[in-house]
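Enquirer: The lines below spell out each chain.
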Amino acid sequence: MRPGSSLTTSAFYILLSLSFQDRHGYEILKDVAMSSAGRVKMGPGILYTTLKRLLETGLIVEVDGRVNADRDDSRRRYYRLAHHGRTALAAELERMEQALKLARSRRLRAAR
Amino acid sequence: MTFLYEVILRAYPRAFRDAYQEEMRRVFCDLLHDPQVSRAELARLMLRDLLRGIASPDRLPPRALVARGAAYGLLIVAFSIAARALHAGQDLGFSLTPVPFIAYLPAAFWGARTTGRFSGGMWTCIVMGLVSSTMVLWDKVLFNTSPFSDVWSFAVTMLMAAGFCIVPALIGSTAGAASSRGRATRAESASAARS
Numbered sequence: 060m061r062p063g064s065s066l067t068t069s070a071f072y073i074l075l076s077l078s079f080q081d082r083h084g085y086e087i088l089k090d091v092a093m094s095s096a097g098r099v100k101m102g103p104g105i106l107y108t109t110l111k112r113l114l115e116t117g118l119i120v121e122v123d124g125r126v127n128a129d130r131d132d133s134r135r136r137y138y139r140l141a142h143h144g145r146t147a148l149a150a151e152l153e154r155m156e157q158a159l160k161l162a163r164s165r166r167l168r169a170a171r
Numbered sequence: 037m038t039f040l041y042e043v044i045l046r047a048y049p050r051a052f053r054d055a056y057q058e059e060m061r062r063v064f065c066d067l068l069h070d071p072q073v074s075r076a077e078l079a080r081l082m083l084r085d086l087l088r089g090i091a092s093p094d095r096l097p098p099r100a101l102v103a104r105g106a107a108y109g110l111l112i113v114a115f116s117i118a119a120r121a122l123h124a125g126q127d128l129g130f131s132l133t134p135v136p137f138i139a140y141l142p143a144a145f146w147g148a149r150t151t152g153r154f155s156g157g158m159w160t161c162i163v164m165g166l167v168s169s170t171m172v173l174w175d176k177v178l179f180n181t182s183p184f185s186d187v188w189s190f191a192v193t194m195l196m197a198a199g200f201c202i203v204p205a206l207i208g209s210t211a212g213a214a215s216s217r218g219r220a221t222r223a224e225s226a227s228a229a230r231s
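If you read the protein sequences in the order shown, they are chains F and S.
Start counting the first sequence at 60; every next residue gets the next number (the numbering used here).
Start counting the second sequence at 37; every next residue gets the next number (the numbering used here).
Because the hints were derived from the structure by calculation, they are not lab data.
In this text, a Cβ means the ideal position worked out from N, Cα and C, and glycines have one as well.
There's no promise every hint is true.
Simulated restraints on C-beta separations [stated by the list, open to error]: (1) S/S185 - F/H143: 57 to 63 Å; (2) F/Q157 - S/M196: 55 to 61 Å; (3) F/K160 - S/E58: 55 to 61 Å.
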């Protein structure tokens with residue numbers, strides 16, 4: 060994933076999920092399914108190949124610390140959005156917003 | 037279902053499995069016991085995971101290797117066209133038929149030597165073979181001939197070419213791995229000498 064290039068759908072939703080809090084794999088899966096209204100459903104394979112790519116590009120980092128003591132599972136790996144990832148997510152949201160604005164304006168013009 | 041997922045895990049490259057298979061198993065078990073996930077949905081996710089594993093980018097060869105393999109293949113095509121155009125009977129006092137086959141030997145060695153992996157040599161030959169097999173088409177278009185009597189003779193020729201690649205690819209990968217170790221040892225010695 061080159062800096063400045065747009066994110067894949069799964070990468071985008073994973074970054075969005077991690078922008079709220081650190082999460083482990085299964086939590087990410089559930090959150091992505093919920094925040095995409097069930098449109099994006101990943102299996103463990105797609106999840107971890109995407110996480111690996113995000114780790115390699117420095118958009119996320121693996122963390123040792125746990126978020127909540129009552130739901131901690133020491134066997135699980137937790138992931139956190141890195142600064143570079145937050146920037147990439149913001150840029151992607153900006154790009155989507157621009158595209159949405161453009162689409163809306165064209166639709167309005169077409170309706171006239 | 038768990039057994040099936042173990043099989044699916046085998047489709048992923050070893051390095052990836054070593055790093056993530058424990059986590060993947062755990063997430064799969066979570067999905068398996070999740071009442072909100074139906075069996076049909078789980079089966080769909082498993083199928084997609086299988087496809088992702090098979091088509092993993094880690095399994096694909098580097099772009100430079102593909103380009104070099106394609107260039108070798110084009111050279112074979114050019115050689116074959118030139119040989120047939122200049123010497124229609126292919127009679128130069130010796131047969132030209134083995135020449136393209138011989139070209140596979142250094143190509144397999146080079147691919148394996150560069151990458152330090154047997155698969156590097158085989159990938160070079162696969163790309164080279166795919167490009168050079170277009171010769172069938174050129175033969176038909178340019179000379180209105182067909183070098184193969186049927187599909188089977190074409191398949192057997194391609195298998196023979198693949199067979200030729202195995203030994204040089206093995207030698208090349210051994211040489212590549214040995215030179216990588218040599219470079220690493222020299223780099224370690226140099227850094228030790230500096231410090």
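Enquirer: All hints are to be evaluated individually against the structure, with a verdict given for each.
Expert: Hints and how they fare:
no.: 1; hint: S/S185 - F/H143: 57 to 63 Å; result: 60 Å, holds
no.: 2; hint: F/Q157 - S/M196: 55 to 61 Å; result: 57 Å, holds
no.: 3; hint: F/K160 - S/E58: 55 to 61 Å; result: 45 Å, violated
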